[in-house]
Amino acid sequence: IAGITQAPTSQILAAGRRMTLRCTQDMRHNAMYWYRQDLGLGLRLIHYSNTAGTTGKGEVPDGYSVSRANTDDFPLTLASAVPSQTSVYFCASSESGGNTGELFFGEGSRLTVL
Amino acid sequence: GQNIDQPTEMTATEGAIVQINCTYQTSGFNGLFWYQQHAGEAPTFLSYNVLDGLEEKGRFSSFLSRSKGYSYLLLKELQMKDSASYLCAVADSDYKLSFGAGTTVTVRA
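Sequence lines, in order, name chains W and L.
Number 5 in the working numbering belongs to position 5 of the first sequence; there are no gaps in the numbering.
Whatever position you read off the second sequence (first residue = 1), add 1000 for the working numbering.
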């Protein structure tokens, strides 16, 4: 039983490099989300997708892009990484826009930008 | 936007009760959630309140007052495994969740 799979688990990246964090879910959930978690700031929404083919901006979208070509996959791309993007990134999904009462989270991707 | 406040840290003794408060100001409201997050792990769902009142689930209970913009999570009969961060989150009019910074609960023997 996989649920949500994120890759890589951990990555050290030089500033200026391009990076894609992968997220795949096998629950056929419509909605998917990307959050970043920083000490003292909690989880902040980067981008979301309510259904395949649509995406939207969250609270902190600058420097990030997403795509939702199908139901299962929701990759997050950093076009040119900067040190302030050092964080733990969580992908999450829900059945229908979150109104079922539960977000399912992946195990997280720890990204360090030097 | 959302403004969600909860205490940073709380400490309690094994077997005791701890109440974690959460206040919020939102531009839309479709429910309040509590998640548990152990260090180095992903958050996991604990409770969901959309109507005023108390929801009880085993040792954990959650309360909501929409008029006051207030919720609390009550942890009873504390166990060492309850040491974790507890995240308060509010769903907006589009059902997107905004999270508070989290409350770290330390349970001492």
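Heads up, some of the hints might be wrong.
To be verified - Calculated cross-link-like contacts (lysine to aspartate or glutamate; reagent style EDC-like; alpha-carbon spacing at most 20 Å):
1) W:Lys-57 with L:Asp-1092
2) L:Lys-1068 with L:Glu-1055
3) W:Lys-57 with L:Asp-1094
4) L:Lys-1068 with L:Asp-1092
5) L:Lys-1076 with L:Glu-1055
6) L:Lys-1068 with L:Glu-1014
7) L:Lys-1057 with W:Glu-102
8) L:Lys-1076 with L:Asp-1092
9) L:Lys-1068 with L:Asp-1082
Keep in mind the hints are simulated off the structure, nothing from the lab.
Computed from a predicted model, the values in this text were never measured in an experiment.
Run the distance test for L:Lys-1068 versus L:Glu-1055: straight-line Cα separation, threshold 20 Å. Distance of about 17 Å is within 20 Å: holds.
Starting from L:Lys-1057, check that the Cα of W:Glu-102 is at most 20 Å away, please. Between L:Lys-1057 and W:Glu-102 the Cα gap is close to 15 Å, so the pair holds against 20 Å.
Within 20 Å, alpha carbon to alpha carbon, are W:Lys-57 and L:Asp-1094? Roughly 12 Å separates the two Cα atoms, so the pair holds.
Would the hint linking L:Lys-1068 and L:Glu-1014 be met if the CA-CA limit is 20 Å? violated (31 Å)
Between the alpha carbons of L:Lys-1068 and L:Asp-1092, is the straight-line distance 20 Å or under? holds (17 Å)
Quick one, are L:Lys-1076 and L:Asp-1092 close enough, alpha carbons at most 20 Å? violated (29 Å)
Straight-line alpha-carbon gap L:Lys-1068 to L:Asp-1082, limit 20 Å: Measuring from Cα to Cα gives roughly 28 Å; hence the hint is violated.
Run the distance test for W:Lys-57 versus L:Asp-1092: straight-line Cα separation, threshold 20 Å. holds (14 Å)
L:Lys-1076 and L:Glu-1055 were given as a pair; does the straight-line alpha-carbon distance stay at or below 20 Å? holds (14 Å)
Of the hints listed earlier, those the structure fails to meet are numbers 6, 8 and 9, in rising order.
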